[in-house]
Amino acid sequence: MKALVFALRSFGRELRSGEVLVLLAAVGLAVAALTAVGFLTDRIGKAVARQANEVLAADLRLRSQEPVPQEWRDLAKDYDLETADTLSFPSVVFKDDDSALATIKVVSDQYPLRGKVRVADALFGEQRAVDGIPATGEVWADGALLARVGADVGDTLFVGELGVRVAAVLTYRPDQSIGFASLAPSLIMNIADVSQTGLIGEGSRVAYALLVAGDEQDVADFNEAIEDRLPDEIRVRSQEESSERAYSAADRAQRFLSLTAVISLLLSAVAVAMSARRFAHRRMDTVALMKSLGATQGFVISVALVQLLLLGALGVVGGSFIGFAAEELLSRILIDLLQQGELPGVGLRPVILACSSAMVLLLGFALPSLIQLRNTPPLRVLRHDAMPPAPSRLFVAGLSLAAVAALLYRSVGDPVMLLILIGGIIVIAGLLYLLGRAMVSVIGRARSGVGVAWRYGLANIARRGRDSAVQVVAFGLGITVLLLLTLVRTDLLEGWRSTLADDAPNHFLINIQPHELEAVRARFEASDIDAPVFTPLVRARMSTINDESVKDREYPNEDGKWLANREANLSWAAELSSSNELLEGEWWPADYAGPPLASIETEAAENAGLKIGDRLKFVIAGREVEAEIRSTRKVNWDSFQPNFFIVLSPGALDGMPTTYISSMRVADDKQALLVDLMRAHPSISVIDLGAILEQVRGIIEKASLAVQAVFVFTLAAGIAVLFAAVQSTIDERRFESAMLRALGAKKRTVFAGVMAEFAALGTAAGILASAGASVLAYLIATRLFELPYEFSPMLWLAGVSGGVFVVCISGYFAARSAVNSRPADVLRKVNT
Amino acid sequence: MSNQSSKAGSVLEAHKLSKQVSSPEGTLTILSDVSFSIAAGESVAVVGPSGAGKSTLLALLAGLDLPSTGHVVLNGSNLSTLSEDGRASLRAESVGFVFQSFHLVPSLNALENVMLPLELAGQPNARTAAREIIEKVGLGERWSHYPSQLSGGEKQRVAIARAFATEPAVLFADEPTGNLDSRTGANIMELMFELNRDSSTTLVLVTHDQVLAERCDRILSLDVGKLVSDTRAAA
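Each protein sequence line maps, in turn, to chains A and B. Residue numbering for the first sequence follows the working numbering, starting at 146 and increasing by one per position. Residue numbering for the second sequence follows the working numbering, starting at 1436 and increasing by one per position.
Check each hint, because a few of them may be wrong.
Said to hold, decoys possible - Partner residues are not named here, just some residues of chain B that face chain A (Cβ under 7 Å, in silico): (1) S1503; (2) A1527; (3) E1554; (4) L1626; (5) L1630.
Unchecked claim - Looking from chain B toward chain A, a few residues come up when the C-beta cut is under 10 Å (computed): (6) S1458; (7) P1459; (8) T1516; (9) R1650; (10) D1652; (11) I1654.
No wet-lab data here; the hints were simulated from the structure. Using N, Cα and C, we set each Cβ at its ideal position, and we do this for glycine too.
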């Protein structure tokens, strides 16, 4: 109680004196970064969960490439369940001469069974939920689609051969794909109209679905009843499975943001440790005095703890506030990405998380200093050089590593990323520390050959030995992160962009029927465009792997299970495509005519646990084909060539229902050709990759913007480290500067000496930060993103000059009070 | 607690005190074999040249540090048998300090600085008691000022008020006028002796100043760590 009163009494004064501001700022920054990201991911998580519940627009969905037979509809009725039918397929929608690719969603009366469709009466008009579906002859179209073809509500669009009136703007449908997957805007049409479009025929890419919903138990019973009876072509999907996939997509996005927050947190931790050391050091005289007046160790540590907790609390409140504001901003940036009009509200969870993180931070990084403070000898009141014993290094390192691991583990999650991160940081810190020590000895020898200002500055570094090394470590780490987040990030994006060749295809043609091949080829030749390569595509379902049913088999991961169980697109080829690289096994001879062989994409093989020699059996339109895996391939998906997970040998798919796909580059001035082509062959879909790439680029830029907003915290935390480092020596500096000036040094000379010191520190830190950032960038590029990494001289230039610049500027502001204070004041102030 | 060797009427006893510290040049003896006893209410000056061991002796007598050999009995307790917290509690009860460099807590105002030892000793009405004594040292008007707003003499008055606030059995003063000009120093000493008389506190005063030393009942002279004379004032 006494301790509490005393702590509170002196706390206000401490705050006003500004001494604890750096510590406060460090805690506040850590909390702000964590809450901003925490709030955001919480909201994204909730949005995703809400979407996942609606994503089927039903409780259960039976999906097939063929119309779902009536018997399943009847069976559902027997279980008192509601049903609705949907068809969806990609098609180009026309208005006069304009056209755009759309996802045509054809629905029956009861749609949707779960969730609501929302529409607006005009583009960008206010949206409202609707019951029911469009009347016959009418459609609801996505605003993006209307914009692309220059239409508005009331206009007539052509879907295939059918003209339909746009009755409303579609703003939301529950089963639209999550996030980035659905790139083509939707159009909802009444099921009664679909036959008149002429788009439904053999081989067309239509997904049929029977939606089922009802009482939870009835749904479960129904699901159980159909489980073993459903033919392979029909797949059942329940809410749980959908949400699982939806969650994992959102999870990846969150990790990226979390990583940025974690780096801010680490820097804040360094700043906390440094300013806590000073916090304790500043209190040693007071503690010694209180002990001489009869205060016990318990009292001393209670006072320090209460003050530290108060600081923590202030930091948490201020940080949460800033974090919340930042999150508002971020969610505005990200709202389009989530394709939701409004994000759900958040609970208190992020605040609680941020509070506990702040406490872990304080405990891990400030506690050792407090314990040292407790042991301050009272003798210090008589002999100022009496110091408490330093806390055991093992204890300090162990405590801070434990705190870092605790904070990192929750945020990063991914062990590989975590290891790269921690490993990189430890290696750089170790290198920086060694360089710092080496520098000290080099400087000790070099300083005889320089002028007085430099000699003073360099002597300072040499004399502070260990502390100088620690400062180099802190500066170096800060600069490393700044480099990673600015230059490396840009380099990686550029690297990705440059892998996309200038002559990369910009259009895909899909769903070309065999009898159309000649006509299409002729059309291109007539327009002086190289005849495209047509790649066969056969839709199949995998039934067994080495005679074991794909349903019963265990898979290394969910992606593999999905791959084996979904409708597969197969192709065959005589020669290996130029965008493929053979990794293992052998490619078959061009004139191969033996039993079917297969080549599988390496990641798919890994995910599904497949290896060379395994036998895959496929069911294709009621017929079976079994092929043995002979090779694995690496595919360059960025080539935008048609590529397949599984390619079979020539002849393996002869006589199966086949369509063709192709990719090509069509110059902007020849786009009219594509419009003519679609008119003449309405079942062929043209996908405009340019528009998709544009969209992807937009998404990346928005995501980068969000990361940069979090990055502001990192920058601030880095500067907090610099300030904490300088502040930890400020008393000494103040005194030395006063001494030097009392001895006749000009203010300018003293100042030049201080700047020389910072410039030397900044250079060393910059060199090692550049080296560290290069190594980390190389690891991130090659291991995580599989991009080639090029040595960047800019990185080094920016690292070193940035290091000198940032350290000198921060050092100037942090140390100027020491240089500027009047010598008499400083020398007198020794007595309080 | 031990009071095996306390003499009747004595409040502070030094028994064969020695203090050695290790230094790069080997072991350094700062005090060797110092013994004396101080009676309650006595005022004692400890004099000697720089490096004679005066401050070290003071630290040992107040339990701020422990001797290498020998022991100190303060108000009936052998300090060597107490833990650091035990010695702190004993100081809270029976010791006051005035330092050469004042040692006020910069984040507390004058009144709060005086209240500090009262609160540490668990005394009720700390504020009232502190107000009283701060009036007595002539700072009634300036009680709300912080140390940075006070002159050197005023700071030392606050320190004296703080030292006497708990009515300690022993008051240790370490060169209390060392940082003050001679006139202010004289005023301060006047105040100290006056309070000392009023409260019949035992005063142990470390000083260079022979004139000041001679105002005490008794003078202990140290040289190179040894007690070289123990004289009583003529008066």
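Consistency of the hints with the structure:
Checking S1503 (chain B) against chain A: minimum C-beta separation of about 14 Å lies over 7 Å; hint violated. With a cut of 7 Å, the hint placing A1527 (chain B) at the interface with chain A holds, because the nearest CB-to-CB distance is about 2 Å. With 7 Å as the threshold, the beta carbon of E1554 (chain B) comes within range of chain A, its nearest partner Cβ sitting at about 6 Å, so the hint holds. Annotation: interface hint on L1626 (chain B) violated; nearest CB of chain A at approximately 19 Å, more than 7 Å.
The restraint placing L1630 (chain B) at the interface with chain A is violated, with a minimum CB-CB distance near 17 Å, outside the 7 Å limit. Look at S1458 (chain B): its Cβ only gets to about 12 Å from chain A, farther than 10 Å, so that hint breaks. Residue-level restraint check for P1459 (chain B) is violated (minimum Cβ-Cβ distance to chain A is 14 Å; threshold 10 Å). Residue-level restraint check for T1516 (chain B) is violated (minimum Cβ-Cβ distance to chain A is 17 Å; threshold 10 Å).
The interface hint given for R1650 (chain B) is broken, as the beta carbon of that residue sits about 23 Å from the closest beta carbon of chain A, more than 10 Å. The criterion of a C-beta within 10 Å of any C-beta in chain A is not met by D1652 (chain B), whose closest approach is roughly 24 Å, and the hint is violated. Hint on I1654 (chain B) is violated. Least Cβ distance to chain A is approximately 21 Å, over the 10 Å limit.
When held up to the earlier numbered hints, the structure conflicts with 1, 4, 5, 6, 7, 8, 9, 10 and 11 and fits the remainder.
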